[in-house]
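Q: Since chain A is already given, all that's left is putting chain B on it; use the hints.
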Amino acid sequence: MLILQNMDHGELSNAFPHHQNQNPTTTTPPSLKRKRNLPGNPDPEAEVIALSPKTLMATNRFLCETCGKGFQRDQNLQLHRRGHNLPWKLKQRTNKEPKKRVYVCPEKTCVHNHPSRALGDLTGIKKHFCRKHGEKKWKCDKCSKRYAVQSDWKAHSKTCGTREYKCDCGTIFSRRDSFITHRAFCDALAEETARVNAASSINNSTLGANNNNNNIIGYNNMMIGTSMAPHHNNNNNMATQFASICNKPIPFTEEATNNQTTTRGLSLWMDHHHHHRQEATMATNNNNYHLNWVFGSKISTNPSQDLSSNTITSTTTASLPILGSIVNVPSLYSSQHQPHQTCASSSSANMSATALLQKAAQVGATSSDPSSFLGALGLKCSNGSGQGQDGNNNKFCGVYGSSLVLTSSSNNISTEPEKNELSQMHPSKRRHVMPNEESGGGQTRDFLGVGGANHHLPPFINQSLDLI
Amino acid sequence: MHLSPYKKTHFNNNIPHLHHHHHHHIHDDDASAIDMHNNTTTTNSTSRCSSDSGEPCEDGKWACKLLKECAIAISQRDSTKIHHLLWMLNELASPYGDLDQKLASYFLQALFCKATESGHRCYKTLSTVAQKSNNFDSARKLILKFQEVSPWTTFGHVAANGAILEALEGESNLHIIDISNTLCTQWPTLFEALATRNDETPRLRLTVVALSSTTVSSVMKEVGQRMEKFARLMGVPFEFNVINGLDRLGELTKESLGITNDEAIAVNCIGALRRIEVEERESAIRMFRSLNPKVVTVVEEEADFSSNRNDFVQCFEECLKFYGLYFEMLEESFPLTSNERLMLERDCSRSIVRVLACGGGDEQNNNDENNNKEEFEDCCERRERGTQWCEKLKKEFSGAKFSDDVVDDVKALLKRYRGGWSLVLPQQQQQEEGHNSNYNNNTLSGIFLTWKEEPVVWASAWKP
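Read top to bottom, the protein sequences are chains A and B.
The numbering of the first sequence is the working numbering, which starts it at 1 and goes up by one.
The numbering of the second sequence is the working numbering, which starts it at 469 and goes up by one.
Extracted from the complex, chain A is given alone in its bound form (with noise of 0.2 Å):
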């Protein structure tokens, strides 16, 4: 399972051998601040290499030995020695190349200059030492955001402009600046954090391991599990995260969708400036176990409990067949892992992890009545506290209802076109299913957090209803 494999290799580079001191040269715990596709987690056994950085980005490494002539790829140099006419024993190759070859960073201020951080791949660690200590020579005139590796230019030329940005509120900006400036002061954000704080309390009171709220978390693990993909370079990832939150540019397509939503899962783990400022505000167990189910597979804080929401992904995929197509539909599922507040910050993954861990603990807070909910989706959901009754209703609720709550926080919203967002779509659902299993009538508050039975849903789920 892909799940375990990337834990695997979390957990491995947390058990190398060579990693006396994982961060000699950084400030900050590589754990806390891992980029997104973790590298220079070296095999032990193999050799390192420290060019300078002359040889490093000399584009002519491989030489004919015969004529001298220099050549970029290795492919070149053997298609090019062919033509010596060399005799057969020297047409094959001398060294043959038997030791795995990683190279160091020859920055010395570099986290990757140590042999245990080295990289594996040459072409990485050029592109590497270009991008953090290269000049930028390359400039979008769009934006004027500078690259100093040519694929990342041209990788980013092509996104440039096409974006929008959404706000919770609804506005739709083509310019980035005037979406984080009008983000920064838009009731949206104030009205989350205040649900934020509001759940919190609420929060701890409800948290229980109930089997059938595993199930649901280790659902939608798994849903993330199975589509992560490792990292792809900052241009794929921007280019993604970017895409979960506009409308249009990139096309959804099942894979698309889903790779998208991955690499975000992991680049918003992975890519932690402020972890440890994320950790603060994850006060409750209750918080950390959302994390867990959010972002999958890649949980540092608590390992634990990871390998329980993973262990426990294996087991629910069987017991929720139609969810599994329900997640197919590219429209939800690209929404589902998109936290509103994720438009806020969207240019790095940081943003999103702290917005969807705010996101997470608002889940708790707004314990709701899934079945108004599915009421509206055409579903029959046992009613009033009975809810844990039907797992699959709960588990529907998991999936869809919560969002809904999030999204509005109160009466105020049934006049904000937020509804009709494919961003209400959010992974931290399942939440609200305990509060409805554990508590008695008192907390039960309608999806929309008014009271009643307040229909205010997205047309589209009512659509995607349609595809089951």
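For the record, the hints were derived by calculation from the structure and aren't laboratory data.
Given the structure is predicted, the values throughout are model-derived calculations rather than measurements.
Virtual Cβ for every residue (Gly too), placed ideally from N, Cα, C.
It is possible that part of the hints are untrue.
[Claimed, not checked] Cβ pair distances, simulated, as ranges: (1) A/141 x B/804: 30 to 38 Å; (2) A/113 x B/760: 30 to 38 Å; (3) B/707 x A/150: 40 to 48 Å; (4) A/73 x B/709: 57 to 65 Å; (5) B/665 x A/75: 35 to 43 Å; (6) A/141 x B/665: 17 to 25 Å; (7) B/778 x A/131: 52 to 60 Å; (8) B/689 x A/109: 37 to 45 Å; (9) B/873 x A/123: 25 to 33 Å; (10) A/170 x B/886: 20 to 28 Å; (11) B/707 x A/131: 30 to 38 Å; (12) B/724 x A/121: 51 to 59 Å.
[Said to hold, decoys possible] Per the computed footprint, the stretches of chain A lying under chain B, defined by three or more beta-carbons under 8 Å from a beta-carbon of chain B, are: (13) 138-149; (14) 178-187.
[To be verified] In silico DSS-like pairs for lysine-lysine, Cα to Cα no more than 27 Å straight-line: (15) A/154 x B/879; (16) A/158 x B/869; (17) A/158 x B/879; (18) B/613 x B/920; (19) B/613 x A/142; (20) B/762 x A/132; (21) A/142 x B/762; (22) A/142 x B/879; (23) A/158 x A/136; (24) B/883 x A/137; (25) A/154 x B/931; (26) B/879 x A/136; (27) B/869 x A/132; (28) A/136 x B/931.
A: Quick look at chain B alone, frame taken from chain A:
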């Protein structure tokens, strides 16, 4: 000579433009009666009163002409003419009309106050009215909308943020002293930049010196909360403070601003220096220096109401030219029936009254109730040009050039707006102004935002 659509050109037929006014018939007769100039040159399509300094308005539009006539009459104390012109302007003016009518309306108010020496009273009334409708929501809406349609303010923000980020690079404890009226709209993008930097996100403290005490109480509190929330979202350790200190800016100290020794200081002055009384500006700059900042960013609007403050007509012309440009810019940037534009225009009316009708010792002495300077929320608003500010700032600081990156960022910003805007570097601007400039200034710092090739905003960075 390169023919630019924005530059003044020499046409002989400006008269057809007047047909657009429905009250043209009234104006025509009177115009010929009053017209004291042999008007053979005009601008081709704008109502902007563009003119070289020192020359009367040669514009074909009626508002500028009438207004100037009136100003001259006032300075000459020709009461018949004053009455006549005031009456005419009153007939023609309207704050809801076209550009000429608006200019006429707002400047008429100032001229009337000047003529009747009721400037202070009028200003107080206008301020009180404005304060009543001053709340967070409306202020936010106004400022954000303005920033969306025009780079007038965002130009300074981007330049200042760029300079601040570069100057404070590598520091882990930042403290920004924000002396401005931007309601912190400058800072979200800075938070984002800080949070997405490759290195450790530094701690940021922001101390806002509010330019008016009413804003402090009603609006800044809310602004502060939003900033705190947003900084949390961005993952930037953040602390926010507001103090009201513009009236005693020169007396602020490290202690009163809460500056600690381990912090790297940036002083951000947007539209603030002009609100300091002219005589006290140098001491304010000295105060900045005493804080030992890593960088001081100054953004001001490009107009000179200060060197000519004792010459009413000259000051009036300068005022008319600047606000004419501003109103024209507003008209072209906002949609036709924009409430926000109306609000901004009304804000101008207070400034115009303040500059034209509230200056001078006589009036102030006459108004006993107004001895307390704090009555005036916006102080004098006597703008100065970049060159003039440079003269003052050079005594305590040395100009820091904006890096190529920042310049590129600003250019990219301007591209995102409708046409007409461009960035002009100091050496280019000096060439432009060379023949007019009274200042033998070889080292003009800062960059200019120009609209239709007229410099309107000046942004600069300074280091000790």
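Q: Can you name, in rising order, the numbers of the hints this structure does not satisfy?
A: 16, 21 and 25
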